[in-house]
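Trainee: Spelled out from the first residue to the last, the chains are:
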Amino acid sequence: MGKDNPGRGDPMTSDRRLRLWAVLVDAAQDGAVTVNHVCATTVSVAGVDSAAVAVILDAIPRELMYATDRRASELEDLTLTLGEGPCVDATTGGPVLVADLTAAECRNRWPVFAPAAVLAGVRAVFALPLRVGGIRLGVLDLYRDRVGDLGAEQLTDALVLADTACAVLLDDATRHGVDRDDHWPDRIGLQHPEVHQATGMIMVQLRVPAAVALLRLRAYAYSRDRRLRDVAADVVARRLRLLPTGTVD
Amino acid sequence: MAETQLADVFVEMADTLVDDFDVIEFLHVLTERCVELLGVSAAGLLLTDQRDALQVVAASSERTRLLELFQLQTDQGPCLDCFHTGQPVSVADLTLAAARWPRFTAAAAEVGFAAVHALPMRLRSEVIGALNLFDVRPGPLDEGRLRIGQALADVATIGLLQQRAIHRRDILTEQLQTALNSRVLIEQAKGVLAERLQVDIAQAFALLRDGARSRNRRLSELSQAIVDGSEQLAPAPVADRRG
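As given, the protein sequences belong to chains A and B, one line each in that order.
Okay, so the first sequence: first residue is 0 according to numbering that gives the first Met the number 0, each after it adds one.
Okay, so the second sequence: first residue is 0 according to numbering that gives the first Met the number 0, each after it adds one.
Next comes chain A alone, as it looks inside the complex (with noise of 0.2 Å):
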């Protein structure tokens, strides 16, 4: 129960939280603290190159909440689409920590994930479960362009941190009233609201559900070697149909 949830009695704890919780105000600049910042002050004090929170969700695997950077959001993509990777095991898991995603044994466990994103200039990804009690509401990817560990004070911050998304996610949750979906506020809004109307396209052009709708998505940009968004942005835009027989145009 301690590892990835750092004890909140432990005064050395209490003293770190404190730290990083200034770093983090003085990050909002005395604005509401959010996952943006959160993503931010874990990318300085973890030592990495770019962060980034996803939710799981029933209607989709992971939903992006916020990336620091285009890799980190490229990362997530490509999770995304090809549905493994240690951020998708860090989802049903504990934290996953890759030090180098070079090494034979990523390549055996995420055969196309690791060469995908050694290609995309990554070689190190943290990813770190973010938890409730027994819910699991997502997940925090670190990811790093040089070979190595994060050292242990490093990630003990970053998992200190990890559960201040939870907090801020759940606290802005609370806030502006979750299940009033009309009025929800445009800074937890949806990364990339095409993914899903491609989704509902494809599912009326197909007649299949939604969860195969996605998975035609992702299999269409995973053999063109295309983002995800971009594929969903020229099937709402109309510039691209999936045929029907499993073939593609």
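The set of hints was computed from the structure by calculation and includes no laboratory data.
By construction, the Cβ of each residue, glycine as well, lies at the ideal position given by its N, Cα and C atoms.
Do not take every clue at face value.
[As the list claims (entries may be wrong)] Among the chain B residues that face chain A by a calculated CB cut under 8 Å, a handful are: (1) 62; (2) 175; (3) 176; (4) 191; (5) 193; (6) 194; (7) 195; (8) 200; (9) 229; (10) 230.
Chain A is already provided as a structure; the job is to place chain B on it using the hints.
Mentor: Chain B in isolation, oriented as in the chain A frame:
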């Protein structure tokens, strides 16, 4: 000796209070420790539920549980008095209390208890339950044991508060995931409508919103129905396309 034992019990209880702790198990262990530390025969906990009705939540033995239930059913007994007044109620000899609680004293004698001591579980001004100590021998609970008993009742209260806080977080998480899920469903429904009615995404959303309004349904509910195919929307200007 009791001091070190008490300290050990507190450490044990604090160790149990982590994220995934089982509150019933926690309170059950607490009643067992009461029996060991205070030298009584049995212990039980009554707590208010969400509707402010008392419930038996833990008991160190089956006969204690039955006696606690009996108090609730007959609505009389020292534990209920303790709960209603917020004050400790100590009955050193139950045979002398027959006039006050006739049915309870008879039931207690039936299962072999001679004395009962009830301590309130207090949350600021609110009383949330009672810790009840039963003894087969008549006799008072001395000052020292009363204090330890009250300390244990306070630990039980803390455990309960923490469990409620965790429960609240779990509900929030579920709400957050549900709300985000609705957002995804709304986008999917826009796509379904756009394709079925051959309109663009913005028009599809306008239709969806009007449809929800005219049917007096929530946007997310209607979206879910459209996505799973249980409901359809007609194109805007033409309400009926038959013929």
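Trainee: Could you tell me which of the hints above the structure violates, numbers in ascending order?
Mentor: 1, 9, 10
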